[in-house]
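Chemist: So the protein lines, in turn, are chains P and R. For what it's worth, my numbering labels the leading residue of the first sequence as 1, then goes sequentially. For what it's worth, my numbering labels the leading residue of the second sequence as 1, then goes sequentially.
Some clues are possibly wrong.
[To be verified] Covered stretches of chain P, going by a simulated chain R footprint (3 or more residues, C-beta under 8 Å): (1) 84-98; (2) 130-143; (3) 166-179; (4) 206-219; (5) 222-229.
Don't read these hints as lab results, they were simulated from the structure. The beta-carbon is built from N, C-alpha and C at its ideal position, and this holds for glycine as well.
Number of protein chains: 2
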Amino acid sequence: MHLFFSEDLAISYLTGEEARHCYKVLRLTLGDQIQITDGKGRLAKAVLTQVDANRVDFHIVQSISMEQSAYAVHMAICPTRKAERNEWMVEKMTELGVLQIQFVVSEHTHRETLNRVVNLERLNRIALSAMKQSQQYFLPKISIQSSFPAFLAQVDQPQRYIAYVTDHNVPEHLLNQVQAAQEVCVLIGPEGDFSSTEIKEAVEAGFKPVSLGSTRLRTETAAVMACHAVHLAQVLDKR
Amino acid sequence: MHLFFSEDLAISYLTGEEARHCYKVLRLTLGDQIQITDGKGRLAKAVLTQVDANRVDFHIVQSISMEQSAYAVHMAICPTRKAERNEWMVEKMTELGVLQIQFVVSEHTHRETLNRVVNLERLNRIALSAMKQSQQYFLPKISIQSSFPAFLAQVDQPQRYIAYVTDHNVPEHLLNQVQAAQEVCVLIGPEGDFSSTEIKEAVEAGFKPVSLGSTRLRTETAAVMACHAVHLAQVLDKR
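Please take these sequences and the hints and turn them into a complete structure.
Modeler: This is how it looks when you write it as structure tokens:
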């Protein structure tokens, strides 16, 4: 059954892109069944009661609420300089079931190009599409935090990890450090890495250094693999 | 130190794109030191003896050979219909250190668009760039296998896994099945998945069904995450 998105399920119609997709692409019609999620864990089954290109009315026949998983993953990433790399990172982390994505401006972030490479409207559209594609019901919250100290002050996840490139005193892999069933925040550095002051400040704010493996990963790859490693820690816990 | 690629280290000069990059982009000159790998595990340190736009001569001062890792990962993937998704899959698996990537044509593969969406020359360039970027010395072998039965007949890795979408009898996660320090082949289905005949044939050829997690992943995401899970199994083994 096709999955649609509507921010508020109390409003019983789709408009805009969702209505167009229903009418023009899928050519659904009166009496057809659809699923709708609000991206906050609620899923409704509904029957179409009126369909045109601009507005699709539905009647909800069943509705369930999903629980957010106990190990909700918050990713905090210093954005790469290429829009498409930030975009695929958002798509892939959404597929994996990330709950929150924060783009954090650090010392080595190019501020001049930030608005172009982190286009929140576009990233939200990509996340929405990936959430529906992978049949999930939580839409990640995506935001920009333009102050590194403000980011550190505001983090409240009980588990906090920071990954950066180092050749000496390589820390233990994230998978071996992360505890299952607890919220996690993982902080990933930019191209050119964090400054030593930033690493010091993050460690003081409770971020534990972690490794992400023996090969040198690009920022966006590191972010996706870190997100994946946290999910795999839950898989291991179930053994 | 900058890393270059030369298929044969017995030939002591770079040509083509590598020479251009050295001369035009990095503006290296006589006496500068570089590193060169043959993508087969050999790494040489060398000094430039002559530099121009078309040819860069070097003198090797030191050379070492890396051992291929015991758990070499062979990924066999039914290609997606979008060239850029196949391309990023190759880039990311190369960053993670995959040894071999085979694009396997299955029943649900679009044969008509195959040569466009799996452009080996372009994919090899992407893998080369990713190998250098992530400072590795093994270039994955990338190929197309246009017969599914021929693929099954030729596989010789001791560990073989197949991932496909199923809602009943969900198998154990790859991470919980894979054995460390042994060669692995993981087979990933296309959009629209394998046919039931193909799954049956693969299982008969020794492929064990595995899960890749609770969310539904796109083909290219599944491939990269499977590759990552095999690497993480080695990390766990070291605990």
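Chemist: Could you run down the list of hints and mark each one as holding or not?
Modeler: Hints, one by one, checked against the model:
1. Only when three residues or more bring their CB closer than 8 Å to a CB of chain R does the claim for the stretch 84-98 of chain P stand; here the count is 5, and the claim holds.
2. Here the stretch 130-143 of chain P counts 4 residues with a CB under 8 Å from a CB of chain R, which clears the bar of 3, and the coverage holds.
3. Three residues within the 8 Å Cβ limit are the bar, and the stretch 166-179 of chain P against chain R gives 3, so the coverage statement holds.
4. Here the stretch 206-219 of chain P counts 6 residues with a CB under 8 Å from a CB of chain R, which clears the bar of 3, and the coverage holds.
5. Counting residues of the stretch 222-229 of chain P whose beta carbon lies closer than 8 Å to any beta carbon of chain R gives 4, which reaches the threshold of three, so the coverage claim holds.
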